[in-house]
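Protein chains in written order, with the numbering used here: chain U, 3 to 353; chain D, 3 to 353; chain C, 3 to 353.
Because identical chains share one entry, a pair is satisfied inside a single copy or across any pair of copies.
With a cut-off of at most 25 Å between alpha-carbon atoms, the simulated PhoX-like pairs for lysine-lysine come out as follows:
(1) Lys212 to Lys116
(2) Lys16 to Lys165
(3) Lys116 to Lys74
Think of the hints as simulated: they come from the structure by calculation, not from any bench.
The residues making up each chain are set out below.
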Amino acid sequence: MKLFSSVNDVQDIKKLVASALELKASPYAHSDLGKNKTLGLVFMNPSLRTRLSTQKAALNLGMNVMVMNMDKEGWALETQDGVIMNGTTVEHIREAAAVMGEYCDILGLRSFPKLQNREEDYNEEFFNKFVKFCGVPVVSLESATRHPLQSLADLITIVETWKQPIPNPSQREGSNISHNPAEWQVSPTGGDLEGAVLPKVVLAWAPHIKPLPQAVPNSFAEWMCKAQAEGMVDFTIAQPAGFELEESFTSGAKISYNLDEAIANADYVYVKNWSSYKDYGKLLDFPEGWMMNNEKLKLTSNAKVMHCLPVRRDLELASEILDGPNSLVIHEAGNRLWSAQAVLKAMLEEL
Amino acid sequence: MKLFSSVNDVQDIKKLVASALELKASPYAHSDLGKNKTLGLVFMNPSLRTRLSTQKAALNLGMNVMVMNMDKEGWALETQDGVIMNGTTVEHIREAAAVMGEYCDILGLRSFPKLQNREEDYNEEFFNKFVKFCGVPVVSLESATRHPLQSLADLITIVETWKQPIPNPSQREGSNISHNPAEWQVSPTGGDLEGAVLPKVVLAWAPHIKPLPQAVPNSFAEWMCKAQAEGMVDFTIAQPAGFELEESFTSGAKISYNLDEAIANADYVYVKNWSSYKDYGKLLDFPEGWMMNNEKLKLTSNAKVMHCLPVRRDLELASEILDGPNSLVIHEAGNRLWSAQAVLKAMLEEL
Amino acid sequence: MKLFSSVNDVQDIKKLVASALELKASPYAHSDLGKNKTLGLVFMNPSLRTRLSTQKAALNLGMNVMVMNMDKEGWALETQDGVIMNGTTVEHIREAAAVMGEYCDILGLRSFPKLQNREEDYNEEFFNKFVKFCGVPVVSLESATRHPLQSLADLITIVETWKQPIPNPSQREGSNISHNPAEWQVSPTGGDLEGAVLPKVVLAWAPHIKPLPQAVPNSFAEWMCKAQAEGMVDFTIAQPAGFELEESFTSGAKISYNLDEAIANADYVYVKNWSSYKDYGKLLDFPEGWMMNNEKLKLTSNAKVMHCLPVRRDLELASEILDGPNSLVIHEAGNRLWSAQAVLKAMLEEL
Numbered sequence: 003m004k005l006f007s008s009v010n011d012v013q014d015i016k017k018l019v020a021s022a023l024e025l026k027a028s029p030y031a032h033s034d035l036g037k038n039k040t041l042g043l044v045f046m047n048p049s050l051r052t053r054l055s056t057q058k059a060a061l062n063l064g065m066n067v068m069v070m071n072m073d074k075e076g077w078a079l080e081t082q083d084g085v086i087m088n089g090t091t092v093e094h095i096r097e098a099a100a101v102m103g104e105y106c107d108i109l110g111l112r113s114f115p116k117l118q119n120r121e122e123d124y125n126e127e128f129f130n131k132f133v134k135f136c137g138v139p140v141v142s143l144e145s146a147t148r149h150p151l152q153s154l155a156d157l158i159t160i161v162e163t164w165k166q167p168i169p170n171p172s173q174r175e176g177s178n179i180s181h182n183p184a185e186w187q188v189s190p191t192g193g194d195l196e197g198a199v200l201p202k203v204v205l206a207w208a209p210h211i212k213p214l215p216q217a218v219p220n221s222f223a224e225w226m227c228k229a230q231a232e233g234m235v236d237f238t239i240a241q242p243a244g245f246e247l248e249e250s251f252t253s254g255a256k257i258s259y260n261l262d263e264a265i266a267n268a269d270y271v272y273v274k275n276w277s278s279y280k281d282y283g284k285l286l287d288f289p290e291g292w293m294m295n296n297e298k299l300k301l302t303s304n305a306k307v308m309h310c311l312p313v314r315r316d317l318e319l320a321s322e323i324l325d326g327p328n329s330l331v332i333h334e335a336g337n338r339l340w341s342a343q344a345v346l347k348a349m350l351e352e353l
Numbered sequence: 003m004k005l006f007s008s009v010n011d012v013q014d015i016k017k018l019v020a021s022a023l024e025l026k027a028s029p030y031a032h033s034d035l036g037k038n039k040t041l042g043l044v045f046m047n048p049s050l051r052t053r054l055s056t057q058k059a060a061l062n063l064g065m066n067v068m069v070m071n072m073d074k075e076g077w078a079l080e081t082q083d084g085v086i087m088n089g090t091t092v093e094h095i096r097e098a099a100a101v102m103g104e105y106c107d108i109l110g111l112r113s114f115p116k117l118q119n120r121e122e123d124y125n126e127e128f129f130n131k132f133v134k135f136c137g138v139p140v141v142s143l144e145s146a147t148r149h150p151l152q153s154l155a156d157l158i159t160i161v162e163t164w165k166q167p168i169p170n171p172s173q174r175e176g177s178n179i180s181h182n183p184a185e186w187q188v189s190p191t192g193g194d195l196e197g198a199v200l201p202k203v204v205l206a207w208a209p210h211i212k213p214l215p216q217a218v219p220n221s222f223a224e225w226m227c228k229a230q231a232e233g234m235v236d237f238t239i240a241q242p243a244g245f246e247l248e249e250s251f252t253s254g255a256k257i258s259y260n261l262d263e264a265i266a267n268a269d270y271v272y273v274k275n276w277s278s279y280k281d282y283g284k285l286l287d288f289p290e291g292w293m294m295n296n297e298k299l300k301l302t303s304n305a306k307v308m309h310c311l312p313v314r315r316d317l318e319l320a321s322e323i324l325d326g327p328n329s330l331v332i333h334e335a336g337n338r339l340w341s342a343q344a345v346l347k348a349m350l351e352e353l
Numbered sequence: 003m004k005l006f007s008s009v010n011d012v013q014d015i016k017k018l019v020a021s022a023l024e025l026k027a028s029p030y031a032h033s034d035l036g037k038n039k040t041l042g043l044v045f046m047n048p049s050l051r052t053r054l055s056t057q058k059a060a061l062n063l064g065m066n067v068m069v070m071n072m073d074k075e076g077w078a079l080e081t082q083d084g085v086i087m088n089g090t091t092v093e094h095i096r097e098a099a100a101v102m103g104e105y106c107d108i109l110g111l112r113s114f115p116k117l118q119n120r121e122e123d124y125n126e127e128f129f130n131k132f133v134k135f136c137g138v139p140v141v142s143l144e145s146a147t148r149h150p151l152q153s154l155a156d157l158i159t160i161v162e163t164w165k166q167p168i169p170n171p172s173q174r175e176g177s178n179i180s181h182n183p184a185e186w187q188v189s190p191t192g193g194d195l196e197g198a199v200l201p202k203v204v205l206a207w208a209p210h211i212k213p214l215p216q217a218v219p220n221s222f223a224e225w226m227c228k229a230q231a232e233g234m235v236d237f238t239i240a241q242p243a244g245f246e247l248e249e250s251f252t253s254g255a256k257i258s259y260n261l262d263e264a265i266a267n268a269d270y271v272y273v274k275n276w277s278s279y280k281d282y283g284k285l286l287d288f289p290e291g292w293m294m295n296n297e298k299l300k301l302t303s304n305a306k307v308m309h310c311l312p313v314r315r316d317l318e319l320a321s322e323i324l325d326g327p328n329s330l331v332i333h334e335a336g337n338r339l340w341s342a343q344a345v346l347k348a349m350l351e352e353l
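Here chain U stands alone, though its shape is the one from the complex (with noise of 0.2 Å):
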């Protein structure tokens, strides 16, 4: 794999999910691969589990990682073209991204859409020109319009946990559970899902007080959509008027305006903010009742409930689903590692 910035870049869903699921098994199996070999992660926003997930990853498949914080240690860059650099701007992306290109073999690049035009933050162009100057593989850690590794980390969990026992989240607060990732579980489907009755899988929109980028719901809407296209999900997208996303992210899902009636018998739902791409960047009035809670997990069939963190309590989601039976949330945000891990080693094998 040369660059994994979409569902598009992934020739097999299915053995990308299964690729993860041996690591999560045996996550030093190949610690030889990436000897000598350097990721560098570019962050133009701030992250947690992006950084710490794919570094952990890195280092397990026995690679050196350098973190350059761009907003915080750098310096600002200047996309734009035939433009005199008299301004704020120090340095341009052809030379930064080269030049980085010039000390790493893998880069992973964060760069979150400003949602001001449109145009420009779909037109992926700081992604893009960073992926064409650096001139080495690039992992996205998210960029304007999508959040491929968090969709990866996303469908490991399903595979991993459709009819599976839901992890207890009371194990949490204890001090003595195993953090030996090969005791941990593993779907005896080995994360195929075909033959076997499809979970119903539901994103649903939930309120926030700030607009956020859709970069997470586009990214989880085409896995899905192609999940389901392999025969391995059904899947449904619910969301106020106006909260519409993009139609090329979610060709072939269900569209619901009703919340309630979208989560009937869901075995998970897949709660996140977003802001308007109609009108763009928004965040429009929405109508009461679209934050899930125990009463709507009523409606389900005992829902698995994902979502992609941070969160905001009580005001995305209910306190009582997220200390609850039914969250995922954390184990979600564990598999960020073995997501990260399978498309490192992918991009590793073809180096």
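Using the hints, position chains D and C against chain U.
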């Protein structure tokens, strides 16, 4: 060891000191112990000594280290339960801690007090919630009320230098000092002062222009009280009226309000400012004459002078002492490495 | 090598260049040399190329690396002696440097000039005090008046590319460039240009909107003057009146105030802005016609164009050059890695 947050987490302080001095003599003897183990260092506040010494300690044990400056690289965390998160906090410590626990085998946490609400600080709310929710062993990198890695380094320094020639500070200015720890001096007492004449140790309050936390003096006091109970030192605390530490930290210590009387015949003077516990977080008016200098040193038994650093020269402690033959401050900072390595080794052995 | 702060710290620049080119051909040949050795990189100012290239160089040698952004992660340091520290500085460089020396085998330091007091900057007060008090070998990551890792990389680049085909910059835009350094081109002259026709190298002042330090041009000048004395290059400096560099850096160089005359028949043009030394730290008025572009390039002997980066496009240097076949800037930045690795190797060999 599953938790290192105070002297009470240590079964046998003499053995821990002895372990640190063994590691100082053979830093890489256990470099396989940490193989494929990851230490996450989480800072809610700035750090120099603590970060570098703990990172180096982990590297000596063969661990991987990931540093997360939450205050700069991350976002504001919520600690209260039951609040609707529609304000400035982006993520709850329940999720943030649990997620970090997913990627790390051991976590270190620094979280200073706010010095506004005594009960909140002394409940160690932030630190304890982090420990509760992260699900992996935690080492304190300084919490609201304690700095145990510092105090262990202080005890190591006293054990190591008692009845030994004072290290020559002028060596610090040359470039040919041995930095091979195997060549550094280890006390023939092997970490055990029993049977010897006890060193008189005095914790001496010092002036400052800002109100500082009580974490370092609290912690030093509780470690010295414990060491006194174990027959290792004779311990006195001196401070102006109003600056008394919380009593549970000082049980067994002699208390003085007269610096000159307290340091008479002292073998070690540990200089440190702290704000008032009673009039919480305030820098009360204080009398003249509380800064250690060479004149006061004459009252002592040629005492070795300690400070945790950073130190404000000629405000807290006279330059003539810091640059003179009685200062242990750099040597003491160097021992932070062995303090951290002994604690991490004990944690790794029980993983 | 115990100190790398200027060309005067190097016994034999030809040997150092040859060592760098050998490391470029076999980056991991000495990966045991740095085992259990730790490099601390201390930044008082932002860094991209220097941080990543030096970190990678150390990793190639098997070292551990700890990065400390003192400007963001730490606090303000005092450098003056004899002051009562009751202001904004929290720690004296005497303690801070000594403490960092306790945890690291080699330290790197970046500390820019303030451009306010020429004597203070040119005394290299901060850098020299750090070297004096840290007690371990120090490599400059750019100080107030010099940037020797950059200058060494520049010399490596000239040696490597003289009489060689120009690297094709369009390769940077593809994703299938070889990043196996062993496949990169190494000059058959083996780092020794003696006996060959000398390349004409011109350091050419360039416009800017901000007053920049003289560190890069000072350093480039002293390295080129040394290389000229060793029969490796023919060296000219061109700048508008008022921008003359301090004489001790330019001894032996031809000086010109006419860019077109200076670059006539040049083989290498090194483009860089700097502020005035005479009218210290000022960006004086300057005449038109000092920006290198394709028209000026015609005056040269098809010169290769260099710049240390970051570069402001079409202000300092024309895009048409940066994007054209004569630019060496990315290749030059890539050589920062081998520059740093050669220096660290020389330091490790004498530890």
